[in-house]
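Position chain B against the provided structure of chain A, taking the given hints into account.
Listed here are the chains, written in short residue letters.
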Amino acid sequence: MSFPKVDLLIDAYAEVFGSLSAQAADHPGFADLQHQLGLLYYLAGEPGNAVEAHERALAINPAYTAAASALGYALEGAGFPERALARWQTAAGNAPRSRGRAEHAGVRLDLAMAFGRRGESGRGLQVIESLSDEGRHRRLIARERFLLLALSGRAPEGDEVLEDLVRASPHIRTYFTDFGVFVGEAPYPQAIARLIKERESNYNLADIHIVLGLTWAAFGERAKAEQELRSALAADFDLATYHVQRGRLWTQAGEDQRAAEEFAVAIAADPDHVRARIELGSEFAALGRTREAVEQFEAAADLEPGYADIHYQLGLLQAEAGRLDEAEQALTRALEINPDFAFARASLALLCSRRGHDRDALTHYQRALRSGLRSADIYLSIALIHGRRGDLVRAAEALRRGEKVNPRYAPIHYHLGRIYQQRGQKGRALAAWRRFFECADAPEFAERIERFRAELGREAMLKVGAGGGIDVDEDGDRDGVGTP
Amino acid sequence: MPGSPDYAITNRARAVLRRHWVDAGTLTCGCVNGVVYLRGELRQDPLYRVTRSQRAAVAADDELALIHAVERDLGSIDGVKDVIFQIEGFERRGDHWERTRLLRRRTGS
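Protein chains in written order, with the numbering used here: chain A, 1 to 484; chain B, 1 to 109.
Simulated from the structure, these hints should not be mistaken for laboratory data. Keep in mind that this is a model prediction, so the values were computed, not measured. Quick reminder that beta carbons are idealized off the backbone N, C-alpha and C, glycines included. A couple of the hints might just be wrong.
Claimed, not checked - Per label pair, the in silico range of CB-to-CB distance:
#: 1; chain 1: A; residue 1: P62; chain 2: B; residue 2: Q44; range: 31 to 39 Å
#: 2; chain 1: B; residue 1: S76; chain 2: A; residue 2: T90; range: 51 to 59 Å
#: 3; chain 1: B; residue 1: R72; chain 2: A; residue 2: E129; range: 44 to 52 Å
#: 4; chain 1: A; residue 1: R230; chain 2: B; residue 2: R72; range: 50 to 58 Å
#: 5; chain 1: A; residue 1: R199; chain 2: B; residue 2: R72; range: 17 to 25 Å
#: 6; chain 1: A; residue 1: G48; chain 2: B; residue 2: R92; range: 50 to 58 Å
#: 7; chain 1: A; residue 1: G184; chain 2: B; residue 2: G25; range: 46 to 54 Å
To be verified - A short list of chain A residues far from chain B (calculated; beta carbon distances all over 10 Å):
#: 8; residue: F80
#: 9; residue: Q89
#: 10; residue: G135
#: 11; residue: Y175
#: 12; residue: D178
#: 13; residue: F179
#: 14; residue: A268
#: 15; residue: A286
#: 16; residue: D302
#: 17; residue: A342
#: 18; residue: A346
#: 19; residue: L373
#: 20; residue: A431
Same shape as in the complex, but just chain A (with noise of 0.2 Å):
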């Protein structure tokens, strides 16, 4: 067992260690946080301390099932390959299998793997050839495959295991070929000899390779980033999860282009990778191309049906799209999920408004304010329905609450100025628009109000300023309520 050195991490490594440990010590209930901290301490070549971090994990939450696996490894690498194979069989016993596949592949995959180290591949391949071969594991569940066989003196069935991996990506090949692996070349027992040696044979350390990477790219180290990147698909050959995560520094970048093209590599690796399609959709949406977004997040809420968020933002873009019954199906699915979802419920609401489904849209409209989204622009839009219907009573009222929300929203001062116009309360209504141009910055809108005021009647004096604001010479009907 070899462990890399620790000179090419100490910076990120350095990072992530005291930011885990500040966050560990505020959060002494974190299971995940314990786990991340033996990877880190693992990955340090200190499989002491990375037992006793994953131990804690597993105190913690016995039922942790990649702490247990990561602990086998941190025993294995403490010196005690007796009790991490122990560790590994009573977990793989232990893992429930539910919807027909292996939900728990990684347990039994140790123990696969642990067989395999210990000379026992034919052992190794019986419990390999109990898992699926669907999944993120998959390809790792191949290339251990692939190892066992070659072990096994069955060489020629693993080249048929190694064609189909090295077919599937450049950077796989690249993993076996800088160990000498080559397609063809069975049954290359140097190779797989110097690859069971050198090779990182915990998995689990991809999740702190991708911290660590995220940690280089704040840094602005880009080339490191994606240096850890390529340790963490080494580590478990997670293909789709590696191009999520190298398209997500190119969000980061704005490289929106750059980005899509590597979430559609991880779609293209893994099909069902439900964050490579929200990825892929926003990036789609970022620049443009907006049906492509939608059939992005409509495969996305195909594969997690239960998740609101993505119903809500395939809501958004139909509504986009001008496909309004489906952006309703969409949102109203949302709600369905998370009832308390308010930005779902204010957007249902509009689009309601926007097609004219009055009662449906106040309804939403009061239930998120309720659920306490409140603004002056939801107060505007109830007015709206509420003088559409001809109600202005109601419509003054919800303009007046939108103002004590906001009292600089411009627009709610000109819609009461229209109100007080049609009530023919002049004054009021110069008042309200007075409001207006202190509050906005639009100009155009100068036209329309000097328009209105030609309506009242009315001989005072308007001047358009310099920025676009009002003075008002009133002829003495200063306390706003007038008669036409």
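Relative to the frame of chain A, chain B by itself:
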């Protein structure tokens, strides 16, 4: 709403939050009719805090500075009509933000 920019604005708003390393786990962000809403706890990712501490002295009121910076950047997104913060522990008074109470740290999971 054909041509409605709410999705695009939401996307850009979330990008602003990512640029400021805002912890996405504690804050929700959305846009309705051009109005951007932020709700929850506004915190920076703890990883970012540690990296910054190596390079410069950390200001005493980092969170206030963060709110101002995020508000400024969100308001500058094309199409945004208003920005509504419903942030725990902070309140807008006039043209500035004030801390209303210290947030209790979470313990346990």
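Ascending list of hint numbers which this structure does not respect = Violated: hints 3, 4, 5, 15, 17, 18, 19.
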